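J.: Take the sequences, apply the hints, and build the full model.
Residue numbering for the sequence shown follows our numbering, starting at 152 and increasing by one per position.
One or more of the hints may lead you astray.
To be verified - BS3-like, lysine-lysine: derived pairs with alpha carbons at most 30 Å apart:
{"hint": "1", "residue 1": "Lys288", "residue 2": "Lys190"}
{"hint": "2", "residue 1": "Lys190", "residue 2": "Lys239"}
{"hint": "3", "residue 1": "Lys290", "residue 2": "Lys190"}
{"hint": "4", "residue 1": "Lys239", "residue 2": "Lys288"}
{"hint": "5", "residue 1": "Lys290", "residue 2": "Lys239"}
Because the hints were derived from the structure by calculation, they are not lab data. It should be emphasised that the depicted structure is a prediction, and the values quoted were computed from it without experimental measurement.
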Amino acid sequence: MFFHDNPLFLQLLLRFVIDISVISVLVFLIFFRHSRRRKSFFSFVVFNIVIFFTASFLSRVQIDTAFAFGIFAVLSVLRYRTRPIAMKEMTYLFVSIILGVLNSTLTSGLHILEILLANISILGSIYLMEAISWQLKIKRQSEEEAEQNLQV
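T.: Here's what the structure looks like:
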């Protein structure tokens, strides 16, 4: 059977399940909770999946530094040819890319628990920062409303 004869495939499948789970938590439970921009979902998930598989397959072959810089240059050109996006959305896009790279590195000697801990730490930090940001926004709005009531 293909699965028993190919442990790398099972490892890739496990890493992909972890990656999809993590990007789903990031987008659906964290980003959508604090943002009304539903259009970004496609970009976050697709970038993550493409980066995951690209990094997974490129980790098995030796690439030249010039090739890596070439990929970076292409992505940079694409960035300058698109409409500007908000800093927060850019941060989420960057995180989705980093998660794809991080979750594709299980074959490089990292234990799966280290990868899971890194994912949980990243998601937890983002969730905490969003919660703090949300509370500060509510507090600021309350103070502005109180100030307006005093002026009236």
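J.: Please go over all the hints and tell whether each is borne out by the structure.
T.: We went through each hint and held it up to the structure:
1. Lys288 with Lys190: holds (23 Å)
2. Lys190 with Lys239: holds (14 Å)
3. Lys290 with Lys190: At roughly 28 Å apart (the allowed maximum being 30 Å), Lys190 and Lys290 satisfy the hint.
4. Lys239 with Lys288: holds (15 Å)
5. Lys290 with Lys239: Distance ~20 Å between Lys290 and Lys239 Cα, so the pair holds.
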